[in-house]
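> Here's the letter readout for the chains.
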Amino acid sequence: MSNYSVIGQRVHRVDGPEKLTGGAKYTFDMVLPNMLYGKILRSPHPHAKILSIDTSRAERLIGVKAVVTGKDTLGKKQGAWRRFPELCDEEILCREKVRYIGDAVAAVAAMDEDIAEEALDLIDIDYEPLPAVFDPLEAIKEDAPQIHEGVELNINVTRHIEWGDVDEAFRKCDHIREDQFKCSSQAHVCMEPHDAVASFDYNGKLTVWTSTQASYYIQALLADMLGLREGDIRVIKPPTGGGFGSKFELDSAQFCASVLSMKLCRPVKIVLSREEEFTATKRRTPMVYYLRIGAKKDGTLLAKEVRVITEGGAYTAMGATALYLTGFFSSFPYKYPNYRYDGYRVYTNTAPTSAMRGFGAPQSTFVGESQLDMLAEDLGIGPIEIRRKNGMTPNYEVPGQAHIQSCGLHECLDAIEKHIKERGKLPPNRGIGIAAYGFMSGGIFNWFNTPYAFSAAIVRINVDGKVDLFTGACDIGQGSDTTLSMICAEELGVRLEDVRIHAADTGICPADLGAWGSRETLMNGNAVKKAAADAKRQLLEFAGAKLGVNIVYDLDIKDRWVHLVERPERGVSYFDIVRGAIRGRDGEVIMGRGHYTPHRKGMISPAYSFGVQAVEVEVDPETGKYKLIDVTTAHESGTVINPLGIEGQLEGAIMMSGGYGFCEDQPMDEGKILNPSIADYKLIRSLDMPDTKILEINTYEPEGPFGAKEAGEGLTNPTAGAIGNAVYKAVGVRITDLPITPEKVFRALKEKQNRQND
Amino acid sequence: MKKELKFTVNGQPYELYIKPKTLLVEVLRNELGLTGTKQSCNSSACGACTVVLNGMAVKSCSILALQANGGDVLTVEGLAEGVKLHPIQKAFLDYGAFQCGFCTAGMLMSAKALFTENPSPKTEEIRESIDGNICRCTGYNSIIRALTAVSKGEYREEQ
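Chain order of the listed sequences is P and Y. Each residue of the first sequence is one higher than the one before, counting from 1 in the working numbering. Each residue of the second sequence is one higher than the one before, counting from 759 in the working numbering.
By construction, these hints were calculated from the structure, which means they are not laboratory data. Treat the hints with care, as some may be off.
What the hints assert, rightly or not - Just so you have them, the derived chain Y footprint on chain P, three or more residues with Cβ under 8 Å:
1. 92-98
2. 232-241
Unchecked claim - Label pairs and their calculated CB-CB ranges:
3. P:N698 <-> Y:E839: 48 to 56 Å
4. Y:G911 <-> P:L137: 58 to 66 Å
5. Y:E839 <-> P:E86: 39 to 47 Å
6. Y:S801 <-> P:Y290: 33 to 41 Å
7. Y:N812 <-> P:N446: 53 to 61 Å
8. Y:S801 <-> P:P145: 48 to 56 Å
9. P:P399 <-> Y:S878: 42 to 50 Å
10. Y:E839 <-> P:Q9: 24 to 32 Å
11. P:Q401 <-> Y:E875: 41 to 49 Å
12. Y:K842 <-> P:N446: 22 to 30 Å
13. P:S573 <-> Y:G911: 34 to 42 Å
For glycine and all other residues, C-beta sits at the position ideal for the given N, C-alpha and C.
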């Protein structure tokens with residue numbers, strides 16, 4: 001392991017100096033010559049027919065250059081689930097009907113943002129309000145308003161997962177619990193809002209700079225929607241100010257800026273306002289969970305049955321994937337011999353719900369880990385013990401679903417048990433709750449119907465030894481540019497500073513499915529490693545000939561030294577070999593290619609990370625207010641490529657998922673989000689942030705590059721569940737709906753007191 | 759009616775004519791091209807637009823540019839000396855105290871104002887000094903560690 005010269009080092013981020021000095025140019029900062037500014041008009045109604053739109057007054061406003069509506073589009077519907085046309089249900093610019101408060105109906109391009117804003121007020125729209133429905137449990141009733149034509153009972157997607165004989169297994173259980181939970185919504189709150197600069201030229205080429213997690217998706221979806229060839233669209237991702245799941249679908253800024261630019265042949269920039277960020281982009285999927293779990297007296301889990309109804313909002317978005325993943329990860333990280341899941345995603349007249357970091361698994365982990373603690377208490381078994389008894393182990397087969405290779409769950413449990421012991425006896429009203437979790441390293445799904453490999457990379461070695469790495473991977477802050485540069489440098493045997501990465505520009509980089517589902521380290525990492533190996537092979541062919549070595553010897557490169565593996569002192573400088581090899585090829589540069597698409601790895605993911613988290617809280621029993629004191633996480637993600645990167649992912653995940661458990665919420669009234677500003681949407685700030693500790697558990701994942709697997713989203717899964725369990729340990733009240741606010745704790749404490757007094 | 763604004767930004771004197779309602783952040787970004795300062799919430803709730811005005815951290819989206827008339831503004835572009843990073847920037851790099859980078863300028867400027875006032879603040883004071891700055895990526899603790907290292911003088915030799 002320590003044989004690596006780059007992997008495992010605490011390296012500075014490759015984008016560090018630029019981001020620290022104000023030099024990094026985000027889409028948000030871009031200004032092009034002759035550029036116009038766009039704004040989007042949105043529906044004030046949760047459900048309404050558009051009878052007419054009159055843009056003439058707006059068009060006459062001085063400084064307005066174009067106004068577009070759905071009539072200026074091809075009238076297509078889009079979505080990322082392209083294999084299933086019925087799930088591509090979002091027009092973006094609505095033509096006949098709006099389905100939530102925030103649905104886009106028109107867009108304006110003007111000389112500046114103020115004029116564009118003013119023009120929005122001059123667009124006259126005649127709406128016929130329709131009856132609306134906001135609660136998925138209401139929306140599935142016979143007499144509920146129909147949100148999409150032909151979709152009965154507003155059921156958008158259903159998913160069924162089953163293995164074993166669940167009904168028979170429940171008959172054999174000594175103890176069965178049935179519980180109901182509710183998981184709330186959550187806003188991504190990327191610091192950089194959704195934004196795009198679109199520039200269509202007279203050659204018929206469209207260039208779009210945008211803050212995105214998946215430049216290839218945006219290219220492909222824009223091509224579908226605008227009737228252009230993919231190759232006529234170049235999507236460039238400048239540094240991107242956060243994504244967290246909100247930026248891999250085609251959004252209204254990208255689409256409207258493109259439509260406007262195509263009409264004018266001028267660059268158009270659209271930046272969503274913070275209010276639009278909260279009300280007119282996607283959000284975490286709220287879920288109602290019904291769980292039935294059965295075990296033997298000794299805590300052996302025999303069966304689990306899960307039914308979920310999710311609030312879909314107005315469109316499919318990535319919600320279909322969230323529905324599937326919450327179902328699969330409801331079995332995690334345990335060996336249920338019998339398991340059944342039925343999920344229903346229901347359309348409602350609310351902002352569409354979709355992907356957010358963890359992608360359905362923070363919900364399933366909150367409910368599953370809460371219920372598991374409840375079951376363990378019923379049986380008189382400790383929380384660690386019940387998890388140890390049933391936890392997944394290496395080389396475990398989830399029947400018919402997934403093959404798990406590396407798994408360090410039990411080592412994580414040991415580490416957390418030790419941590420809890422070390423904390424000793426806690427003062428009154430303090431408690432430690434735990435949650436175990438796992439997550440995938442990229443999904444083996446191709447609902448996007450890409451004909452390309454899931455990930456690909458090109459490595460070009462120039463005559464001075466500098467390496468250009470081309471990849472479609474999207475660094476959205478998580479650090480993939482650094483991670484992939486490290487993998488490239490390690491495999492090629494050069495230093496990190498020898499690698500220059502060119503990422504997420506569809507004009508020059510190979511397609512990649514993007515930064516979601518925790519896929520970049522494993523999938524793109526494998527592609528980069530293969531590309532670097534391909535380039536290295538070409539160098540070594542030349543080196544072998546130049547050195548005249550006996551063919552029984554292996555050659556390798558390490559830290560710019562090309563040498564015999566068996567006799568490392570015998571070698572030659574990397575730079576000499578590069579120069580010689582290029583000269584020997586008639587001046588042609590060295591190019592290495594690599595791609596990765598998972599095969600024979602089950603239906604879900606090629607690899608899974610695992611961990612256990614302990615959250616310590618202190619509750620004030622008078623008010624229900626509580627503080628997060630300490631969050632300690634035993635985590636395994638295979639070989640750690642960049643320890644600094646993992647620490648950042650872990651602590652950031654705690655801020656986000658701690659917020660999900662602790663304070664973040666999006667209350668609504670008749671489909672209107674009531675807190676659409678950062679002042680009113682409560683997030684964890686520096687003073688609320690608990691102490692955080694990471695206990696790194698070593699594993700090696702055979703499928704991952706240098707043994708690595710995901711570390712991005714899995715860490716988001718446990719915190720809400722561990723908070724719930726900690727509050728219960730501290731003061732004996734169980735909160736079953738998120739977020740666990742002081743008010744809910746206070747009411748539960750009062751109820752408990754009243755019960756005791758009766 | 760435009761009004762005259764005379765002030766210094768990163769040591770450079772400027773004389774501009776601006777609409778009285780223009781915010782300081784708008785002048786910095788749109789008039790002077792100093793786009794290192796970000797805007798994120800536009801309601802002085804997130805701290806991404808924080809700059810140092812006359813030695814104090816201010817949210818540049820919450821004051822009019824004319825309120826900085828005659829003043830001395832420092833933005834993130836003015837922190838490094840040529841290619842030499844400021845100690846706070848160096849610490850951020852070493853401790854991985856940023857990810858997407860969009861809040862980073864605001865964080866750095868809040869920290870800069872703190873250290874100007876008190877070169878060796880305690881950890882609690884550091885935590886308080888960035889409580890008005892939201893970071894959605896790091897979870898703050900790496901930022902606290904970086905600033906604590908600066909406070910302890912670990913980057914002194916570079917100052």
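> Output the numbers, in ascending order, of every earlier hint that fails for this structure.
Violated hints: 1, 3, 5, 8, 9, 11 and 12; rest satisfied.
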